[in-house]
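Undergrad: Protein chains in written order, with the UniProt record's numbering: chain A, 1 to 289; chain B, 1 to 289.
One or more hints might be untrue.
Stated by the list, open to error - With a straight-line Cα cutoff of 16 Å, these simulated EDC-like cross-link-like pairs (lysine to aspartate or glutamate) come out:
# : chain 1 : residue 1 : chain 2 : residue 2
1 : B       : Lys252    : B       : Asp142
2 : B       : Lys146    : B       : Asp186
3 : B       : Lys146    : B       : Glu183
4 : B       : Lys280    : A       : Asp117
5 : B       : Lys278    : A       : Asp142
6 : A       : Lys278    : B       : Asp186
7 : A       : Lys280    : B       : Asp117
8 : A       : Lys252    : A       : Asp142
FYI, nobody ran anything at the bench for these hints, they're computed from the structure.
The structure presented is a predicted model; accordingly, all values stated were derived computationally and were not measured.
2 protein chains.
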Amino acid sequence: MALLSALTPALAALLCVVIGFLFVKSKGSGVKSQAKNKDFRPWVDQDLQDNSNVLEKDDDDAEDYNEEEDIPHVPYSPPRYPEETMAMRSQDFLSLMSQRRSVRFISPEPVPREVIDNVIHTAGTAPSGAHTEPWTFVVVSDPETKHQIRLIVEEEEEVNYRKRMGDKWVQDLARLKTNWIKEYLDVAPYLILIFKQTYGILPNGKKKTHYYNEISVCISCGILLAALQNVGLVTVTSTPLNCGPQLRLLLKRPANEKLLMLLPVGYPASDATVPDLKRKPLDNIRVHI
Amino acid sequence: MALLSALTPALAALLCVVIGFLFVKSKGSGVKSQAKNKDFRPWVDQDLQDNSNVLEKDDDDAEDYNEEEDIPHVPYSPPRYPEETMAMRSQDFLSLMSQRRSVRFISPEPVPREVIDNVIHTAGTAPSGAHTEPWTFVVVSDPETKHQIRLIVEEEEEVNYRKRMGDKWVQDLARLKTNWIKEYLDVAPYLILIFKQTYGILPNGKKKTHYYNEISVCISCGILLAALQNVGLVTVTSTPLNCGPQLRLLLKRPANEKLLMLLPVGYPASDATVPDLKRKPLDNIRVHI
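Isolated chain A, as found in the complex (with noise of 0.2 Å):
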């Protein structure tokens, strides 16, 4: 007993010192924890989360979006086509995109400029929550921009690979090829560099939810590719690790966007060659009930 007596300071001390952890920790993950909590409304799931910076309930400068007017709805009668014409067409749609691949040798041959334009144009034809179109897509052809652009993305990316993405992910990349040189960050005559924009901002200049903005700008990606890929441009899909915040400070983006991928675009090279990849049957990815 007398030698608790004698530790008792140090006990409350080191009380002192578990309670202040445990506020630190408690306020660096108050999102999460709250969207944890069943009595916390949450904007999604944990199963369907999205990357979305969920607004706090309470906070004063998110949206008091008020707008209750009612759409009209009109009627919608797309095209039909007979079932031959159908089965014909998925077919060659089939065929067309089953030749799309992951291209790194991109020719420095100009593009015009007018189908980038008309390619961007669909992929923002893309669905989204609560039809928040919550994309934009930076179009650079400037040589000094695309320069710097490179410059950002190569010192980022030597890091990742020498440290911080592990031994697997490296290995698994090396059967790619792939590493940290991005040479047609400087060749292709287009860098197409796609942000999310995590909120939208209201005429009144308070912040507006954009639901599922990561997955929205997601699947515009998808139609984008398809739409490159329909008039025989190349890209790669890449999703540079932590150069965000710089690309998005060169291209002085606004503070509610965050980049989400960056697309090379052009011919490919006389000489591009790809790995030769096979893809997964359709019954090792299509399950029918």
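Go by the hints and put chain B onto chain A.
TA: This is chain B only, laid out in the frame that chain A set:
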């Protein structure tokens, strides 16, 4: 000091409780905390996080995939179109995709199974992190299973609308006349449930990391939407909240698969309507540098 001495046992007990709480808490958020720690090698950075269930570094079940084989590269020379053809093709695809709408009124008429298979096969041409192809498409045409799905979705959706989503989200959706009654789940000839494989299973039974699995599957979904539009079929991209675990069990999918999206697919009903929404003009989604 005497008072403190008397309190010593109480302080010690409190300390134990606090430490115990800390331990439980840190177990619950172990993976996330590690990812935040700068010294931990993150698979993905804060800015480009996908929803992968990141495997823990020291997880005994984690992959020890050491396949060092180099995949040979092969020449790649896809068809190249003259500039006028490219412009025309890009315009045609833009027109096709601009007609796509999310349609909740689906005809019960049968759709050729071959077309659905081709469309899913096309979705499977999407790129994926380290070519892991982390998707499973469950195609449901069995009426009883469709009805079970409807019961699960409607039950959860009613709770979502009434309690979980928050008034603002419900208001935003009310403008689109969306609610928790999902008749199309019974009516549509096909439901396509898209699962992301959060990890893979190696031949030796260990786990294989699926980098960026959610981003990859969403891109695949974008290509699926393009393929459906190309054959004149309609769908609505739904992400039913909180239904994932129940639907996974109903459809007997393994534990590494998580439901990402549910698409009812068919011809539009003859009296189908859509909200009279406009899309943002190109200048609002594209920035040129």
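Undergrad: Which numbered hints does this structure break?
TA: 5 and 6
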